[in-house]
Each structure stands twice: as C-alpha cells, then as structure tokens.
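Position chain B relative to chain A; hints supplied.
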Amino acid sequence: MTPIVSQIIEQARLAARALAEFGGHLLHPTVRLGVTGLSRAGKTVFITALVHGLTRGGRFPVFDALASGRIAGARLSPQPDDAVPRFDYERYVRAIVNEREWPESTRQISELRVVIDYQSLSGAMRTLTVDIVDYPGEWLLDLPLLDKSYEQWSAEALAHSRDAARRTLAAPFHAHLESFDPLAPADENAAIESARLFTAYLQACRDERHTLGLVPPGRFLMPGDLAGSPALTFAPLDLPSGQEPPAHSTWAMMRRRYDAYRDVVVRPFFHEHFARLDRQIVLVDVLGALDAGPEALRDLQAALIGILGCFRIGRSGWLGALFKPSADKILFAATKADELHHTAHDRLEAILKRMTAHAIARAGDAGAEIDVIALAAVRATREAFVHDQGGGLPSIVGLAAPGERASGRQFDGKTEVAVFPGDLPSDVASLLAGDAEANRKPTRVRVRNDGFHSIRFRPPALEQTADGIPALPHIRLDRALQFLIGDRLR
Amino acid sequence: MTEQLRKPAIFSVDDPRLVVAEPEDTQRAAVGAMAIPETPFERMLGTPALPVRRMRWGALFWSALSGLILLGLGVAVTSFVEELFARTPWLGAVGLVLAVLAGSALLVLIVREAIGLARLATVGSLRGRAAAIIESDDRNRGRALLADMLSLTRQIPQLARARTQLEGHRADIIDGRDLVRLAERELMAPLDAQARRLVVSASKRVSVVTAISPRATVDVVFVLINALSLIRGLAMLYGARPGTLGVLKLFRQVVSHLAVTGGVAVTDSVLQQVIGHGLAARLSARLGEGMVNGLLTARLGLLAIDLVRPLPFYDQPRPALSDLAGTLLRSSENEAEPDPAGRPKPPGGR
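If you read the protein sequences in the order shown, they are chains A and B. Its first residue numbered 1, the first sequence is counted upward by one per residue in our numbering. Its first residue numbered 1, the second sequence is counted upward by one per residue in our numbering.
So here's chain A without its partners, still in its complex pose (with noise of 0.2 Å):
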C-alpha cells in the first residue's frame, strides 16, 4: 500500500517539477545529458574529453555543427544545483594533460553546465544550455533496488554471495550468519558486525578484477558522507519465507534501515539526476569484463539489465513531454576503444550490441532511438602493423600505463610499447551464454591468459602550443556528440 501511494506521490512530484522546468526550457532550450556507466567505465574522462572538445573546439569532423563554424563557442557556466559540487574539470584536462594520469575514480557527485552559443540552420543566434552529472558507478547499481523489498533483495544477494566464484570470499560473512537469528531482539552491535562483514565481502568482490563486483547496495562500497549511518548499517538475513518480521526483531530492523537506504539514499539520487534526462550515454566497460573472462562479462551484462530497466525511455508527445520527460536518444559506447586496431572495432559494437540486446530492444519499442558505437573519449595510442609469422597483426603503440603486466613483464609507465590485444571472438552468442558446463571447468582463468588481454595505456603526449592546449585525439567521440546533441543544434 505504501509503496503505491509513495510512487504516486514522487509521479507527482516529478511531473510538477517537469512543468515548472518547462517555462525556463522555452527560453533557455537545455538538454539534460545523462552519462550512464558502471565505475571504471570512463564517465570522468568522457565528460572531462567532451567539455573540452566543445570549449576549445575540438577536432570533431563528424560533428556539424562545429565542423560547418555555427558553434561560435562555448563556456562553462554555474549549475543550477547549488547542492552540488562542481564537476572539477580544470583539475582533470590537467591531469590528463600535464601529469599524463587518468582521473582517479569519482567519489563524489558532481555536476556541470556548458553553454552553447552557435547559429541555427535559418541564422538566428541560439544557446543551448548541456548539463551533465558525474557520480560514482558504484551508485547505479543501487537502482534496481528502487522496486525491491528487503526480502527480495535479501534472498538476491545471498544466492549471489553463495556462487561458487563469490563464496570463498564471502566466508566470514556467511560464518557470521550463521550465528545470527533474524527473529531475535534486534542488537546494534550484531547488526554493525554484520554489515562491517558484508561490506568486506563487497569490497573484496570489487577488488577482485574476475568479477568486477557489480552487487549492491553501491553506497557500501562508496559511502560518500553517508558512512557510518544507520541507513548503511544493515546486511541481508536468511529469513523464513511466508513470515511476518515480528516487531523489535533484528528482521524488523534491517528492514527499516533498508528501507530507509532505499527512500532517503536511492531514490533522491535517481530523481535528481536520472529521472529527467534528456538524452543517454551507456558507457560500458567491455574490454575490462572481456580481459576478465565470460563470468565478468555475463555479470556485467546483469548489471546492466537491471540498471537500464529503471531509465524513463522513449519518445513522448508535447504532453508527454511536459509531465513524463524521457531520454528520447540512447547511445551505447564500448568505451577505451583505443586499447583495439580500429579493424576490431566492429566485433566490440557487436559485443556490445549482443550483451545490450535486452535494453535496445526496449528503447526501440518505445520509439527512442538507439546507437552503438566503440568510443574513446581520449585517444592514448596510435596504431601500427606487426609483420610476424602467419600474416600481420594489426596492433597499438603507446605508452603502458604503470603496474600494468604482459607476458610476465611488469610496466614502469616508461616504455612504449607496440601491442596485439589478441582477437575478440566474433561468436558473441557463446561468449554470453549461460554455458553451465563452461561454468564449471575453470575456463575463466583460460580465457584470461591466452585469449584475449589488452593493456592500460597513459593519457597520449600533446605538444603544447602557445594558443593553449591543442584538442585532445579521441575516437568517435565527434560520433557521439552529433548523435546526442547534434539534431539540438539544428
């Protein structure tokens, strides 16, 4: 009952901001940007590469309206949320720039706004106003949860812990469990120990690169200024089914505090950010999951079901518009292309287009239209050819990033080296299948070591000349701007 009445309420809620926001559209047309990604997945670097190509000028050919000169140019400007921190983009161009470092991952929400200034087709001088946000990718998978109840997710995530990849690591967890009774007297010191212990088990998921560690709730992993909270203060349970949690038990606990987790953490966040977007960028790590086997890949392929199916997609009428805002123009993007030869750039689009196929096909009932591109957003290698035995391999130069290993040689971030990642399999099919047999056998660890592997590369070298910084290379991220904001800059 109350989740309905509750749902009705934030329907409302929304609708009424929408309406509110729509005058303020007439005037300043802005399109609200949603950039959609797992962490690790290059949100940082892509919004930090996009904002600036548009305020420098980038070399973006595919892109018109900068490429034909309407785009007379373009600033940042402060956001509307005063809330919110600003995106810290200076301090990111420098450290890809200068010190030649990727961002380190985002711990915090952040938000941007660019401002457009070009000429329309008929000549009339326009702006258009872009804002985008930046948040941890640990948080996305949080909003699956919007629609579960602590028992769901409860029995969810302990079938989860429970798989044979997942279950040495989550050991002590579970051995704490065991002495745990879901319908004793509910105390704050068993219930912080547990949740001490799942969150150990999160995080050694995460860390361990074969799984890529895609369970909620995200906010354990990346608390932001919530740590320590009562909301983050709860563990799933092995509960009794058909039961009622009887009152002051530790079930009854956990449950509030999941539910507050869910009403006060997760839904806000969705409805700030996620519920109006305009347009949608997925950016999805694909080579990471394929360097770490078909376990990561299909876990991946979940995560992303699960996410993309809380998005508001697809085409409305002016009414729709108006009280139901939804992105009408979904791009998915197999980001860090730059660590393939271009030739295999299509077998990563169909990879992509396979492990996504659930959430393309949605958006394209719902009439919204839908890309899939292989995209890096900083360009950190060039390509070569290999002459070897057996033919060529068409391959990448550039600098290996620090730690990074390959047959048996551990990098310093010094050393340039020509890459072949090895080929990606053009049987996506098989690659996603739920093969229980392959499941079994340890074909994880046979796949990773002589299957495919590719390699981090460092930001790429620029030449600094005296007007400023020269654009940043990339790959079809003029692509991707012209798909997203092209047809606003009409």
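Check before you lean on any hint, since a few could be wrong.
When the alpha-carbon atoms are kept at most 30 Å apart in a straight line, the in silico DSBU-like pairs for lysine-lysine are as follows [claimed, not checked]:
no., chain 1, residue 1, chain 2, residue 2
1, A, Lys353, B, Lys7
2, B, Lys249, B, Lys204
3, B, Lys249, A, Lys414
4, A, Lys148, A, Lys414
These aren't lab readings, by the way, just hints derived from the structure by calculation.
Okay, now just chain B, sitting in the frame of chain A:
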C-alpha cells in the same frame, strides 16, 4: 568455438617488423571482415531506375551505320587524295597532310568523348558505392570512396580548402557512413548551392524568353538549347566533365527520367503549380506558358543534379522544386508570392 583467434602479443617499439602506417589490403585481410552484399543502388537512391532495354537492336543499328559511314568516308578521302596525287604531286601531299590531321583530330575527339563517358560512368558508380556504404557502414570502403572523391574533385578550385581538411581526416578513425556524410558536407554542399543558382537562372531565362518570344518554334529551340547547356553546366560543376556525347547521354537519361517521374513530381507540387500557373495565366496567357516552361526546366535541372552528383543526397537537403519555384514565381511575376510550403530555404537558393 571453431574460429581461429590469434593470441595476444607484445612487441617493443623498435621491433623491425613494426610498420606504423599499415597497408589497406593487409589490414582488410587481417580482420576477416564479413562480406557485405552489394545492394543495388538504384533502389536506395530514390531516383527510379531507367526502363531496362532487353535487346539493344537500336544500339547495334546505330553503331553499324556509323561504322559504315566512317568506312565510306575513309574510302572517299583515300580515293580523293589519290586523285590529287594523280593530278599534281604537291597538291596530293597537301591533301595527305590535311587528311592525316583530320584523322588524328578525330581520334583525339573520340578518345576525349570516351574519357568523358567513362567519367560519367565513374560518377554513377561512386554514387552507387556511397549508397552501399551508407547501408553497410563499412569503414574501409568508405576510405576508398573518400580517396576517389578527392581525386574526382581535384579539378574544382573552390574546394581546395575542403579537400585539405578532408585529407587531414583520412587517418582518423571514422566510420563509413560518417565518411560519406563528411564528404558530402565538405565537397558537395558548396556545389549544391551553386547548382541551385544555375537551375534557377536557367529556368528564369526560359520563362522570360517564352513569354516574349514571337513564335512557338523559337521557344522550342531555346528550351532545348538551354536545357542542354544547363545539363552541361551542372555536370561540369560536379566534376563529371562529360564530352558532347556525355551531355547528350545525360540529356536522354534526364528526359526518360522525366517521363517516368513526371507524374509523381506533379502530384507533390501540383497545388503550388496550379496556383502559380493560375495567377500567372490570369495576368497573361503568355506569362502562363512561360511559367510552365520555366518549371519544366527547373525540374529537368533537378533530375540532372541527381544524375551528375557523385554522392546521393544523404545528409544535405535535396533541392526541391518548391525551393526553386518560389524564386521563379517571384522573379517572373514581380509580385509578392507567398512562400511555397514552409520549407527552410537553402542558403544559396536565392
């Protein structure tokens, strides 16, 4: 998995086997790229296909006849020169030299015409390839097309800057469809504007001359000559540079397209033509005729653009009769005519 996947490998940068610029062919073989079936471009172009001729008896007849005439001419000249020799040797020598000169000039003419026709065929095949690339988004073929477009437009001076820019983008990783779009925007868009101007001025000329000409035969001859020069001008503009035969061939194609599409095109702009014609006709029957002829020339020009443009209209707006008709009506009637349809005006349209 049955396919053979190559293993990862690492090389140092000073490895002698490393080549930074890779040859296109090896690269293509290396991908094991999927073969994309060629889609017949006529279907995607939006221009209706010419009626297919089954038996080329007509062509055979004309070829045989012209061969015969050429043969007869050759024999006649030979005997004439022999006659000259018989009369006076120096006159014969002069005759021989003249005959040789004429013969070699004819040869050059024939070669030039053949090259012109071949260039026209190239333009057609470029268009077909571009349409196929738009469908398949094939990167390698897009690059090849871009290179061919650059060499085709090398003779067009106003594209120098655009060509330089495109040369700069050739090494970038851009997909096939985007390459076509890029080539269209950079190379075709400036020409499109000029082509519109050509068509508009030709049809203006025709409508004015028709309105003031004393005799119907003068109209017909003028319309014909004007149409031929318009087609030639458009072909030159887009870099096709056809010879006389090429222009005639184009003219025949345009006219047969006009016969096929005439009905279709009438329906899409019939209203505005009726209004235009009605208004003009009310002023004067002459003026009305002029309008009709002018519109005919405009449509002919638009069809010719479709045939001589090396890329199909993909991202750039295709000039439509309604764009041009507005200009036409205004200019020939000298009175305020409401903008036909709410179409955005092309930048160079007026």
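Does the structure keep Lys249 of chain B and Lys204 of chain B at a Cα separation of 30 Å or less?
holds, 25 Å
Satisfaction of hint between Lys7 of chain B and Lys353 of chain A, Cα-Cα up to 30 Å
holds, 24 Å
Keeping to a limit of 30 Å between CA atoms, is the pair of Lys148 of chain A and Lys414 of chain A held or broken?
violated, 48 Å
If you draw a straight line from the CA of Lys249 of chain B to the CA of Lys414 of chain A, is it 30 Å or shorter?
violated, 64 Å
When the structure is compared with the earlier hints, violations turn up for hints 3, 4 and for no others.
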